[in-house]
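Colleague: Now for the letters of each chain:
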Amino acid sequence: MVKKREILISGHGINLKAGGRTILDHIDIEINKGEIVTVIGPNGAGKTSLIRVLIGAIKPDSGKIIKAENLVIGYVPQRVNISPLMPITVKRFMSLTKKTSPIDIKSTLSIVGAENLVERQFHSLSGGETQRVLLAHSVLQNPDLLILDEPVQGMDIGGQVRFYTHLERIRKSLGCGVLMVSHDLHMVMAATDKVICIHHHVCCAGEPEKVRQDPALVEMFGEKAVRSLAFYTHEHNHAHDGASNRDTITEKSDAAS
Amino acid sequence: MLLLDDFLFRALLGGIAIAAVAGPLGCFVVWQRMAYFGDSLAHGAILGVALGFFLNIDITVGIIVICLFIALLLAMLQRQNRLSSDTLLGIFSHTSLALGLIAISLMQDVRVDLFSYLFGDILAVGKEELIWIYLISAGSLLVFAYIWRGLVAATVHEELAYAEGINIGLVKLIFIAIIALLIATAMRLTGVLLITSLLILPSAAARRFSSSPEQMAILSAFIGAAEVVAGILASNTWDIPSGPAIVVAGSVIFALSLIIKPKVN
Chain A
98 MVKKREILIS GHGINLKAGG RTILDHIDIE INKGEIVTVI GPNGAGKTSL
148 IRVLIGAIKP DSGKIIKAEN LVIGYVPQRV NISPLMPITV KRFMSLTKKT
198 SPIDIKSTLS IVGAENLVER QFHSLSGGET QRVLLAHSVL QNPDLLILDE
248 PVQGMDIGGQ VRFYTHLERI RKSLGCGVLM VSHDLHMVMA ATDKVICIHH
298 HVCCAGEPEK VRQDPALVEM FGEKAVRSLA FYTHEHNHAH DGASNRDTIT
348 EKSDAAS
Chain B
1013 MLLLDDFLFR ALLGGIAIAA VAGPLGCFVV WQRMAYFGDS LAHGAILGVA
1063 LGFFLNIDIT VGIIVICLFI ALLLAMLQRQ NRLSSDTLLG IFSHTSLALG
1113 LIAISLMQDV RVDLFSYLFG DILAVGKEEL IWIYLISAGS LLVFAYIWRG
1163 LVAATVHEEL AYAEGINIGL VKLIFIAIIA LLIATAMRLT GVLLITSLLI
1213 LPSAAARRFS SSPEQMAILS AFIGAAEVVA GILASNTWDI PSGPAIVVAG
1263 SVIFALSLII KPKVN
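Chains as they are written, first to last, in my numbering: chain A, 98 to 354; chain B, 1013 to 1277.
Hints listed in this document are in silico derivations from the structure and should not be mistaken for laboratory results. None of the hints are false.
Distance condition first, Cα-Cα at most 25 Å in a straight line; then the derived BS3-like pairs of lysine-lysine:
#1 A:156 <-> B:1184
#2 A:114 <-> A:156
#3 A:196 <-> B:1184
#4 A:195 <-> B:1184
Let the sequences and hints guide you as you build the complete structure.
Modeller: So, in structure tokens, the structure goes:
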């Protein structure tokens, strides 16, 4: 628990405007080594923009981003829209920015159980397969920090649980920090060190337990979230009792139906 | 070299060199859905020709300057998000063509064969020009090979490429510069009005027979060369204009590619 705090990346007072609208308003964020930080917030709250700013792909209007020296980021984007007119196999995709040996490609894909996809065309993959290949690709960079943007979006519950299991194993073996964007409160609370709720500005931030009780969270997510949160609380108790993942799945799918 | 004295041989040699660049370049035009963008730059080339005459500099330089200017202006306007990209491109494409035509018509002291700029005239290519075509094509291909991986990565996902250390801005700028150079040389082959087909037809035909970006690029170069050879020979045999003949040859090859069963997916 008590590890030496080593900041991988931090943003201070990040402001971003686009087309006269405020996208990010004074956002502070910090990710330490080995830590899982989750950014939550409703759609259009500026979560993906925040990630783009942290990566450096867009410059904020003001604010500062400090990266650890030689920080390697593994990035799992929300969506990859490759034109069907572009032929590209999973194997070639794994060598996207630098040439990688076939052995490394195979072994990395096998971490996420995707080694059988190696010769498949990228645009023929299902949503879940795509996300696993993207995750494997980010692992190939040997990152200090993994950044995932809504990685389980569109996956069925079983796929989500498998994905998070792979992620946890990867995090442990690489010892990297994880920054994840999600609008799924449910999964977030279960395995996260720090939660940051944003709706253009930071609504509330801190440990999941603390954030859960923050009225700003309920306010932000509205009526629906209150129910979801109550539901989550129920489940959280289960987790403390040592309930398995399977129980979680059943409960969630029950709630969904 | 006695063979170079033959106009038909010179035309074939020049055409093949241009097709070898246009094929791989055209793959990106297809992948990034920038056909209209290519059109705008090509039409702008007429303005570049006028600029070249006006400033008394090489028209290739004029074309590159105008193409880069159009690309930058477009990028700026697209960022503002007021008009959709295809509307902007439509405005640019025809405005630059119209301006170029007016500018050239105002230059009374230079005799310009406008028709050859619009539709090409590869059968008139001279020895010195042929050497230039080869130098520019070889240089373009070298630089293109150098930025290849980064460009493919940026086409797949810009932020992903950026996060992994690709200098997106530089790669894009070089790409546009190579397109501008190609337009400058290909103007001789098909003329500015038909250049886009030189970019698109070979890649469209190559798609179904390729399983990787690299395969598709190389195949496009060969298909492009075949189109050029077929077009020039047809033009010589039946005494028809060479530029349009090349484009029609390309369309025929594309149609054939739809009939042939590919081995890969």
